[in-house]
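Go by the hints and put chain B onto chain A.
There are 2 protein chains.
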Amino acid sequence: MNSKALPRQINSVEVGVYECEIHLKFRLIEEKSLFADRDQLLQVLLEALVDGSDDFIETLQAAVKAHEITELKASPQMRRQLMRLRNSTENCQ
Amino acid sequence: MNSKALPRQINSVEVGVYECEIHLKFRLIEEKSLFADRDQLLQVLLEALVDGSDDFIETLQAAVKAHEITELKASPQMRRQLMRLRNSTENCQ
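Note that the protein sequences, when read in sequence, are chains A and B.
Under the numbering used here, think of the first position of the first sequence as 2, with each following residue one higher.
Under the numbering used here, think of the first position of the second sequence as 2, with each following residue one higher.
So here's chain A without its partners, still in its complex pose:
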């Protein structure tokens, strides 16, 4: 009926809702043309941070926090996604 006998593997993937904060300052070598579209600026910088080597990026300051919160605080879209994740877990039993 419910999820008492969750499967071994899926069982080990436990998800939670986290409230996170990132504050970063850095210097970056980048193509000038990529800064023309200010709407894309955040995406350009995030991709540079994920892919960037020390030859292209120098971190000046980094503060990162994350803590788990009650899922009641999550958006309706995220709560639906959580339900989907749980249902798919139940269906795998």
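No wet-lab data here; the hints were simulated from the structure.
Bear in mind the structure is a predicted one, so any value in this text is a computation, not a measurement.
In this text, a Cβ means the ideal position worked out from N, Cα and C, and glycines have one as well.
Be a bit skeptical, because a hint or two may be false.
Covered by chain A, per the in silico footprint, the following chain B stretches (three or more residues, Cβ under 8 Å) [to be verified]: (1) 22-32; (2) 36-47; (3) 50-58; (4) 68-79.
Just chain B now, kept in the frame of chain A:
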């Protein structure tokens, strides 16, 4: 022999050094196990921000700044990289 026959585009790629600041607050659905290694936390969050759909992430606050600075402020590693980039551009002309 060398790169004289590289495509025209390379010539038009102008690069600069930018000083950037990102301040983000967001809620995120994520696997709990990924938060176990605090050293990897920034990388986990950045990858989630780059790849994440609205079903998994909800931005609460976002501030992004970027401005070009003199390359004299860049690290030696970055200045070497800039020279390499310029040399490869010159070889293409």
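So, going through the hints one by one against the coordinates:
{"no.": "1", "hint": "22-32", "in the structure": "holds (count 11)"}
{"no.": "2", "hint": "36-47", "in the structure": "holds (count 6)"}
{"no.": "3", "hint": "50-58", "in the structure": "holds (count 6)"}
{"no.": "4", "hint": "68-79", "in the structure": "holds (count 7)"}
The structure meets every hint from the earlier list without exception.
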